[in-house]
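These protein sequence lines map, in sequence, to chains U and G.
This note's numbering numbers the first residue of the first sequence as 1 and each following residue consecutively.
This note's numbering numbers the first residue of the second sequence as 1 and each following residue consecutively.
Each hint should be verified, as a subset may be incorrect.
Stated by the list, open to error - Simulated crosslink set (DSSO-like; lysine-lysine; CA at most 27 Å straight-line):
no. : chain 1 : residue 1 : chain 2 : residue 2
1   : U       : Lys111    : U       : Lys68
2   : U       : Lys57     : U       : Lys42
3   : U       : Lys71     : U       : Lys58
4   : U       : Lys42     : G       : Lys14
5   : G       : Lys14     : U       : Lys37
6   : U       : Lys68     : U       : Lys42
7   : U       : Lys57     : U       : Lys37
8   : G       : Lys9      : U       : Lys42
Stated by the list, open to error - Residues from chain U that keep clear of chain G, each with C-beta distances beyond 10 Å, as calculated:
no. : residue
9   : Glu56
10  : Asn67
11  : Lys111
As the list claims (entries may be wrong) - Coverage of chain U stretches by chain G, computed from C-beta distances (three or more under 8 Å per stretch; other residues unrestricted):
no. : stretch
12  : 22-35
13  : 43-53
14  : 96-108
Just so you know, the hints here were simulated from the structure itself, not pulled from any lab data.
Using N, Cα and C, we set each Cβ at its ideal position, and we do this for glycine too.
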Amino acid sequence: GENVEQHPSTLSVQEGDSAVIKCTYSDSASNYFPWYKQELGKGPQLIIDIRSNVGEKKDQRIAVTLNKTAKHFSLHITETQPEDSAVYFCAASRGYGNKLVFGAGTILRVKS
Amino acid sequence: NAGVTQTPKFQVLKTGQSMTLQCAQDMNHEYMSWYRQDPGMGLRLIHYSVGAGITDQGEVPNGYNVSRSTTEDFPLRLLSAAPSQTSVYFCASSPETRQGDTEAFFGQGTRLTVV
């Protein structure tokens, strides 16, 4: 089955700096790659997603890149703010049934 | 719209007891699923459903049962609780679309402790 690895497990940055989180996946049939943000005591919330027919997607300060050949995808957050502090999860699915396989998560701390 | 509603928010069970975690969505989504979240392991899929009357196992189904008699509800049953089932449980729903999987909406979670 699919296996998703996520790095780093914790990331501390200064406010205004960029943050990058990387994930690799094993199943070449995976074609949907969402990123979720989870705040303390809450359920995960989608921040951006990308499909396998696209190499890059951007939404304001957040961007995701996908390299299908290498089976890895990355989340880029620019101009980080204290409210970006949270746990971030990458995930992968084969595109039907939304059977997501998650990475272990990255704790992002933005220091002001 | 309430979105995805899970009850209860907190629960303590004794080993061997059974209980049902409730999940309801009001967005008319076809897909619903249950995940458990353990420290350092992300979320793992327990069971999922692609429509009323259709359920299937995920990555960690042992010790859990589900049913989907309506589009709105997807309860998760613990048959005989064990300490290893201490976790935070999340229910999620998402629509079926032509382009494939899309945003999953998660509930607020149920924190379950088995003693």
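Here's how the hints hold up against the structure:
Annotation: proposed proximity of Lys111 (chain U) to Lys68 (chain U) is violated, straight-line Cα distance about 33 Å (limit 27 Å). Restraint check for Lys57 (chain U) and Lys42 (chain U): the C-alpha separation of about 26 Å stays at or below 27 Å, so the hint holds. The hinted pair formed by Lys71 (chain U) and Lys58 (chain U) meets the criterion: a straight-line CA distance of about 19 Å does not exceed 27 Å. Of the supplied pair hints, the one linking Lys42 (chain U) and Lys14 (chain G) holds, its CA atoms being roughly 25 Å apart against a limit of 27 Å.
Annotation: proposed proximity of Lys14 (chain G) to Lys37 (chain U) is violated, straight-line Cα distance about 32 Å (limit 27 Å). Only pairs whose Cα atoms come within 27 Å are accepted, and Lys68 (chain U) paired with Lys42 (chain U) is rejected, the gap being roughly 31 Å. Between Lys57 (chain U) and Lys37 (chain U), the direct Cα distance comes to roughly 17 Å. Compliance with the 27 Å bound is thereby established for this hinted pair. At most 27 Å may separate the alpha-carbon atoms for a hinted pair to count; Lys9 (chain G) and Lys42 (chain U) meet this at roughly 11 Å.
Against chain G, the non-interface label of Glu56 (chain U) holds: every CB pair exceeds 10 Å, the least being about 18 Å. Consistency note on Asn67 (chain U): stated as away from chain G, and its beta-carbon is indeed over 10 Å from all of that chain's, at 20 Å minimum. With a minimum CB-CB distance of about 23 Å to chain G, Lys111 (chain U) clears the 10 Å threshold, and the non-interface call stands. With a cut-off of 8 Å between beta carbons, the stretch 22-35 of chain U has 3 residues touching chain G; three or more are needed, and the interface restraint holds.
Counting residues of the stretch 43-53 of chain U whose CB lies closer than 8 Å to any CB of chain G gives 6, which reaches the minimum of 3, so the coverage claim holds. Counting residues of the stretch 96-108 of chain U whose beta-carbon sits less than 8 Å from any beta-carbon of chain G gives 10, enough to reach three: the coverage restraint holds.
Consistency with the previously given hints fails for numbers 1, 5, 6, ordered from lowest to highest.
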